[in-house]
Amino acid sequence: MTTDGATALGAAQPEEAAFAQPVSCGEPILQVRDLVKHFPLTRGVLFKRQVGAVKAVDGVSFDLVKGETLGIVGESGCGKSTLAKVLMNLEPATAGSVKYKGEEISGLRGSALKAVRRNIQMVFQDPYTSLNPRMTVGDIIGEPYEIHPEVAPKGQRKTAVQDLLDVVGLNPEYINRYPHQFSGGQRQRIGIARGLALKPEVIICDEPVSALDVSVQAQVINLLEQLQGEFDLSYMFIAHDLSIVRHISDRVGVMYLGKMVELGSDAEIYDHATHPYTQALLSAVPVPDPTARERRDRIVLTGDVPSPANPPSGCRFRTRCWKAQDRCAVEEPLLARPAWLTGLAVHDSACHFAAEREIELSAAEREIELSAAEREIGPRAAEREVGPSTPEREIGPSTAERQENEGGETGTPQ
Amino acid sequence: MTTIVGMPLLDVRDLHVEFVTRDGVAKAVNGVNYRVSAGETLAVLGESGSGKSVTAQAIMGILDMPPARIPKGQILFKGEDMLTMGKDARRKIRGQKIAMIFQDALSSLNPVLSVGYQLGEMFRAHRGASHKDAKAKAVELMDRVRIPAAAQRVNDYPHQFSGGMRQRIMIAMALALEPDLIIADEPTTALDVTVQAQVMDLLAELQAEYHMGLILITHDLGVVADVADKIAVMYAGQIVETAPVHDLYAAPAHPYTRGLLDSIPRLDQKGQELFAIKGLPPNLLRIPPGCPFNPRCPRAQDICRRTDPPLTQVVADDGEPVLGRASACHFWKETLRDD
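For the record, the sequence lines run as chains A and B.
The numbers in this note's numbering rise by one with no breaks, and the one at position 107 of the first sequence is 256.
The numbers in this note's numbering rise by one with no breaks, and the one at position 182 of the second sequence is 184.
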């Protein structure tokens with residue numbers, strides 16, 4: 150399978166969990182530190198004065214390791230797309246640093262920026278509006294070569310484009326067709342081919358499959374995974390579909406109101422989430438299994454996401470959180486490893502009261518979890534994964550009771 | 003409620019809808035049959051272009067005709083064919099007996115009128131209520147769909163509400179005249195998952211309270227599993243499979259349904275290639291002969307390219323027909339058994 154490299158990375162993470170973050174295996178290709186993007190809110194026509202700011206991204210830090218896929222999930226308005234734009238330097242960062250292979254890239258201009266952009270490319274969400282309807286497919290995919298002629302000299306461009314079409318599974322003879330002659334899935338393949346044209350090392354995918362039909366989504370996901378193996382790409386995969394993110398990602402970051410609230414390997418986030426928001430988000434995802442209907446234990450969050458122009462003090466999730474205490478309004482929790490947790494629950498989480506949720510797994514689910522762990526990481530790792538989770542589920546009656554009560558409270562909206 | 007026992011609330015029979023376009027006639031719906039009873043939730047599952055929304059629009063009578071036309075079929079509401087009844091009779095049903103919730107609440111609400119005015123319009127137009135009474139009713143409705151501080155917000159405009167709240171207003175509007183049947187066309191597709199959960203819970207609760215029939219049109223297999231009683235899967239304007247929800251997820255009887263279920267990423271398949279249905283949905287101007295799914299079907303034989311399989315009753319191994327199960331596949335037995 151083409152994702153062998155990626156799987157190996159993902160599998161290695163539980164082992165690395167003991168060491169300082171971020172994942173220490175492999176060099177970080179992108180280092181993001183305290184990245185901030187505020188959009189000013191102004192009043193007045195002639196003399197504009199700033200009356201506030203929409204804090205779209207407000208202090209986000211993470212590393213992207215070579216060859217891995219980092220999934221970013223969160224609701225609309227949480228800043229995930231703004232984050233992508235700032236990383237691409239399509240929007241200037243307000244503060245913070247982005248390093249590509251150790252070299253600062255935020256704030257670059259002109260030819261230096263052009264050189265860096267060759268290595269970081271983007272695949273956009275909507276394949277209907279992100280392709281120019283008046284350009285042929287050949288022109289669309291070949292346009293990056295106009296800006297970076299060193300990648301493919303003029304004479305070789307046509308063959309380069311045809312090769313790319315072939316790589317993404319389109320007929321190379323379609324080079325003179327226009328975007329409207331293709332279906333949504335095929336257009337997204339064209340978008341991916343354009344992203345690959347300059348042989349980048351990092352591709353930022355902003356909701357690459359959410360505009361596609363269910364039966365076509367899987368085709369595009371498979372293509373992305375296959376290309377990752379073939380060209381040794383690192384992906385930042387932004388999406389709101391949590392099951393697809395889990396499938397493709399080695400690590401997952403959860404964003405809420407411009408902050409990263411939890412960051413860890415896919416197993417850490419999906420099976421051992423410790424931040425209340427992540428838990429609510431995961432529990433809200435409808436499971437395609439009607440037998441799960443009765444025993445599901447959904448946290449229904451009340452209210453809506455607060456405005457990013459005026460986020461709550463302290464922890465931004467506290468207005469919707471069932472665990473919130475006075476401390477949460479005063480002291481902002483930092484993204485760090487909670488010292489009081491064990492096993493896979495130990496990963497970055499920005500909550501004062503980080504703890505796993507107690508959910509009774511059915512026997513069937515437990516079996517799937519076990520067999521999946523064995524297949525992926527080998528029997529030794531499976532032992533490790535299941536081992537520590539047993540004590541975690543036995544935090545004691547007090548915790549269980551408290552969570553039950555809270556479950557009851559949050560179960561009735563408003 | 004005057005539903006006669008044994009008679010479904012809505013009975014769609016052999017419905018055909020076509021669109022006359024410059025390039026030819028697009029056959030959007032080709033012989034759809036389904037029934038909904040009071041208190042029941044039917045999920046219509048399908049990809050874009052499968053005809054699920056067009057069927058709903060035909061039921062509501064909101065298709066633009068032309069370009070659309072209905073060459074064949076019946077839509078029986080409590081035994082009366084809505085396609086042949088007069089305009090006035092139809093108007094009495096639409097909105098009062100059958101209401102619809104649309105996908106995009108922002109573009110379905112009028113941006114220059116307050117939500118209270120728009121909610122009250124239902125009572126003014128259909129019940130002849132005064133402005134004052136209509137507004138009081140609007141506040142009551144907003145309360146019922148749990149919009150906080152309804153009395154203060156009744157004069158707010160749609161843009162002042164969040165996406166989830168706007169969808170609640172759409173639900174309130176559909177509920178206003180206490181209809182017998184609600185058609186929800188992708189009601190939560192534009193919403194975030196946490197808000198989607200709130201809205202779906204609310205819809206299910208209100209449905210139980212009023213004992214309404216609900217047709218839920220969606221492409222989301224997760225939402226369907228959560229709320230539906232029975233499912234109709236559509237492909238290229240036809241129903242390819244119908245089944246009670248548990249049966250369908252346990253063992254699909256049509257290769258298309260099987261493909262859809264298999265293409266959901268599963269926990270035990272991480273790192274492996276996802277199953278993908280090859281190819282693309284057909285162009286409705288040129289639906290392939292035989293079974294419309296045959297060019298994409300792993301099971302396709304010569305017979306599939308020649309004859310279009312009718313929707314046939316699924317029979318269990320002991321010879322007993324399975325209640326409510328039917329599949330439009332020549333090889334449904336093999337598909338069902340193939341696990």
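Just so you know, the hints here were simulated from the structure itself, not pulled from any lab data.
Keep in mind it's a predicted model, so treat the numbers as computed, not measured.
A couple of the hints might just be wrong.
[To be verified] According to the in silico footprint, chain B covers these stretches of chain A (three or more CB under 8 Å from chain B):
| hint | region |
| --- | --- |
| 1 | 230-243 |
| 2 | 358-372 |
| 3 | 433-441 |
Yeah, the Cβ is synthetic: ideal placement off N, Cα and C, and Gly gets one too.
Hint-by-hint comparison with the structure:
{"no.": "1", "hint": "230-243", "result": "violated (count 0)"}
{"no.": "2", "hint": "358-372", "result": "holds (count 9)"}
{"no.": "3", "hint": "433-441", "result": "holds (count 9)"}
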